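Just so you know, the protein sequences line up as chains A and B, in that order.
For the record, in the first sequence the residue sitting at position 103 is 849 according to the working numbering, with numbers rising by one throughout.
For the record, in the second sequence the residue sitting at position 118 is 749 according to the working numbering, with numbers rising by one throughout.
FYI, nobody ran anything at the bench for these hints, they're computed from the structure.
Fair warning: there could be bad hints in the mix.
[As the list claims (entries may be wrong)] Taking lysine-lysine and the DSSO-like style, the derived pairs with C-alpha atoms no more than 27 Å apart in a straight line are:
id	chain 1	residue 1	chain 2	residue 2
1	B	K636	A	K1011
2	A	K1011	A	K1159
3	B	K688	B	K726
4	A	K941	A	K1011
5	A	K1159	A	K1080
6	B	K688	A	K1011
7	B	K688	A	K1080
8	B	K638	A	K1011
9	A	K1159	B	K636
10	B	K726	A	K1159
These numbers come from a predicted model, not from an experiment.
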Amino acid sequence: MSELGNLSIALAALVSAYGLVAALLGAGLRRADLQHSARNAVYAVFLLLSVASGILLYQALTRDFGNAYVASYSSRDLGFWYTVSVWWAGQAGSLLFWAWLLAGFGAVVVWRQAGYRELMPYIIATVMGVSVFFTLLLAVVSSPFARLAFAPPDGQGLNPLLQNPGMFFHPPTQYLGYVGFTIPFAFAIAAMATKRLDDEWIRATRRWTLASWFFLTLGVLFGMQWAYVELGWGGYWAWDPVENASLLPWLTGTAFLHSVMIQEKRDMLKVWNLVLIVLTFGLVIFGTFLTRSGVLSSVHSFALSSMGPLFFAFIAVILIVSFTLLALRLPWLKSAGDLDSLVSRESSFLFNNLILVGAAFSVFLGTIFPMISEAVRGVKISVGAPFFNQVNVPIGLALLLVMGLCPLLAWRKASLANLSRNFLFPGALGLLTAVGLIVAGLRQPVAVTAFALSAFVTATILLDFHRGAMVRRGHGEPYPLALGRLVLRNRRRYGGYVVHLGVILLFAGMAGSAFSSQQEAVLRPGQTVTINQYTLRYEGISQYPTQSAMVTAATLTVFNGREPIAVMNPQRNIHRGHEEQPMTEVAIRSTMMEDLYVILAGIGEDGTANFKVIVNPLMMWMWIGGVLMSLGTVVAFWPERREALRARARYLVGAEA
Amino acid sequence: MSRGKKKFAIAIAVFVLASAYLAYSGARGSMAYYLTVGELLDRAPAITGSSVRLNGKVLPGVDWDQVSGRLAFTVTDGSRQIPVAYRGVVPDAFKPGAEVVVEGTYDGKTFTATRLFAKCPSKFEAKPGGV
Chain A
747 MSELGNLSIA
757 LAALVSAYGL
767 VAALLGAGLR
777 RADLQHSARN
787 AVYAVFLLLS
797 VASGILLYQA
807 LTRDFGNAYV
817 ASYSSRDLGF
827 WYTVSVWWAG
837 QAGSLLFWAW
847 LLAGFGAVVV
857 WRQAGYRELM
867 PYIIATVMGV
877 SVFFTLLLAV
887 VSSPFARLAF
897 APPDGQGLNP
907 LLQNPGMFFH
917 PPTQYLGYVG
927 FTIPFAFAIA
937 AMATKRLDDE
947 WIRATRRWTL
957 ASWFFLTLGV
967 LFGMQWAYVE
977 LGWGGYWAWD
987 PVENASLLPW
997 LTGTAFLHSV
1007 MIQEKRDMLK
1017 VWNLVLIVLT
1027 FGLVIFGTFL
1037 TRSGVLSSVH
1047 SFALSSMGPL
1057 FFAFIAVILI
1067 VSFTLLALRL
1077 PWLKSAGDLD
1087 SLVSRESSFL
1097 FNNLILVGAA
1107 FSVFLGTIFP
1117 MISEAVRGVK
1127 ISVGAPFFNQ
1137 VNVPIGLALL
1147 LVMGLCPLLA
1157 WRKASLANLS
1167 RNFLFPGALG
1177 LLTAVGLIVA
1187 GLRQPVAVTA
1197 FALSAFVTAT
1207 ILLDFHRGAM
1217 VRRGHGEPYP
1227 LALGRLVLRN
1237 RRRYGGYVVH
1247 LGVILLFAGM
1257 AGSAFSSQQE
1267 AVLRPGQTVT
1277 INQYTLRYEG
1287 ISQYPTQSAM
1297 VTAATLTVFN
1307 GREPIAVMNP
1317 QRNIHRGHEE
1327 QPMTEVAIRS
1337 TMMEDLYVIL
1347 AGIGEDGTAN
1357 FKVIVNPLMM
1367 WMWIGGVLMS
1377 LGTVVAFWPE
1387 RREALRARAR
1397 YLVGAEA
Chain B
632 MSRGKKKFAI
642 AIAVFVLASA
652 YLAYSGARGS
662 MAYYLTVGEL
672 LDRAPAITGS
682 SVRLNGKVLP
692 GVDWDQVSGR
702 LAFTVTDGSR
712 QIPVAYRGVV
722 PDAFKPGAEV
732 VVEGTYDGKT
742 FTATRLFAKC
752 PSKFEAKPGG
762 V
C-alpha cells in the first residue's frame, strides 16, 4: 500500500511538472493539443493525490502502524473521526492535504471556468508550479508513507490537545482559506502574462477570493475559540508566531477584497491589486511553513529545519517571478481614474488598505524580529504581546473609523451636504455613547473609544439599510419586505455591511477584554472565592473513568450574591497513553454580558484545589460577531439571479451615461 | 505633483510615521533577549536582571506543588542546564522532554519565570502552550 502511495505522489510531482511545461509551451506555441493536455494534467494530479490521500486514510483506519506517520499520530483506541483527522494532524499529512486541495481547486477552475481561454494556460502553469513544490516536498523531504522497520503494536496516539471538535473546524477551514488564495493569484499571474490587465481577472476570481476569505476568517476564529476553550489560560490570542501566520494573509487578503472594488468601479489601483494578491499568496506560503514547522517559536534558526530553506527559496521564486512580471507590465497598468479628494469613497478605501497593510507589516515585523535582530546585532531579541497590542490597537480603532466613514462617503468628492446628511446622527450617537460610558464610570480610553466608534459605525450601517428600505417602501412595498428585498437584490453591498456589523461586534468583544479580571485561590472543600459579583463555593472532587480518560472534576457552586445560579465542573483529565500530560478542561459559563471561566490548576493529595477564576466581559459578542461575518459573506457570495444581474447591468450602463 | 496628490502624500506620511512611532515605542517596551540555555550562560553576567525569553527542553525530575502552583524544573539545550522557578497555571503540554519557552530573569543561579509556554515536540504545533 505504502509503495502505491509513494508512487502516486511521485507521479503527481511528475505530472505537475509536465502540466507546467505543457501549459507554457501550449500558450507560447499556440498549440491547442498541448493546452488540452495541460488541462488533463490538472485532473490527473487531483486523481493521483486523491489516491494518495485515500491510502493514507485507509492505513490510518486499518491501524497500519508500519506507516511511521500513522504510528506517530494515531492509536488503536482513537475514534473513527479523530483517526480521519490524522490526515492533517502532522506535517507530512497536512502537506498532502494542502496539495490535494490545490489540485481539487485547480480542477474546478479548469472545469467550470474553461471560458477564460486566453488566461487558462497560465492559470494552469501557476497552479501546477505550486503543485510541483508541494508534491516534491512530499516525495523527497516529508513523506506520509515512510515505513518503520518494525511495526509497533500500537501507535503513539493523537495528542489529547487535538482531540477536540476544533480539530475538524480550525485546520480544514484554515487550509481551505490558504489554498483558495492560490486561485486569484494564478489568475493575476495569467492576467499579467497575457497583458489582459483590465478587471477580467478580478471579476473571474471575485467568488474565489470571497470564499477563501470566508474560510480564512473562519479558520482564524475557530483557532481563537479553540485556544480559548482548550488551552486554559483564559485568553484567545497570544500573538504567537503561528497565530500571526494565520492573521497575516487575512489582513492583506482583506485589503485585496476591498481594493479590487476600486478597480472595478473606477479603474484605479491596478498595480496595487496585483501587489496585494502576490503578497497575500506569499504570506499564505509563509504561514503554511510557520504552522507546519513551528520554526520561529524555537530559538533555532531556519537552517535547522530541513524544510526551511526550501520554503524560503519557494517564496523567493514566487516574489521574483511575480514582481518581475509586474515590472515588465507596468506600461500597461496606467490608471484610468484619479484620486480627486481626500474625503471621498476612493480615498477611504485607500486608507482602509493602508491600515490593513500597515497592520500586516507590523505583525510580520514583530514575528520575524528575532531573525532581524540576529542578522543585525548578532543576538536574538524578540518582541512580545505589548508590541503587537501597542501597534495594532490604534490601527484597529482607525480601521473601525474608516469602516464607518467609507460606505457613506460619495464617490470622487464628498460634499459638505453629503457629510452632514450621513454623519450627523451617527456621529452624535457615537459621542453620546462615549459620554454615557464615561459617566457610567468606564475609564479605559481605548475601550471607550472602541465602544463609541462601534456605536457610530453601527448607526451609519443601519441608517443605510433604513434609507434603502424607505426608497423601496416609497414604491409601495411594506417595510419588512422592502428591507428583505433590498438585501437580496444588492447582495454584495448589504452582505458586506452584515460582515461589517460582525466586525463591530468582534471589536466590541475585544474591547471588553480590557475589563477582564482574575482571581487565584487555593481552596479546601466548603471554602469560597469571590470575584466581581460572583461567589464560588468549592464543594469537592470527584473521580470517574470515561472511555479514554480518567476524569478528576471539581464541583463549584456559583452564587450571584446569595442566589445559586450555576454549578461548574472544571476538570483535570489523564488520557490513556498520555499519563504524563494531564489535560485541563476549563469550565465556562457564558452570558451575553460576560464569561465566567474557571481553571482547575492543581489538586493536592487531601482534596485541596488550586483554582484560577477569570471574568471575561463580552466574549459572547465576539463569537456572535464571527457568526455575522460568516453569514454576511455567504450573502455576498450567493449568486445573484439572472434578472437581478440584467437589471444591474442596465443600471450600470445608465449610471455611466 | 498636483495639489491633490500632495495632500494624499502628506496624509499617508502622517499615517506611516505614526505607525512607525507606535511600533518603535512598543518594541522598546517589550523587547527581550531570546536565547538558548548555552547562549544565556555565555552572556550571563551582562544580562543579569534584563528580561529574557529562554528556550530549552525540560529535563526529567520536575517538582510541582499543585496546591501552591509552584513549579521547579531544569531546562537544557542538550549540553548545559539552567534551573527554573515558576509559579502559576502550568500548560497542559508541559512535561519532561517538552520544548518550553520561559519568560523572566536570570540571577546567575536560577531563572525566575513569570510566564511559561510549552509545546509538544514532533506533534501538531499549531497552538501555543498558553500562559
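- Query: Which earlier hints can't be squared with this structure?
  - Reply: Hint check: 6, 7 and 10 fail, others pass.
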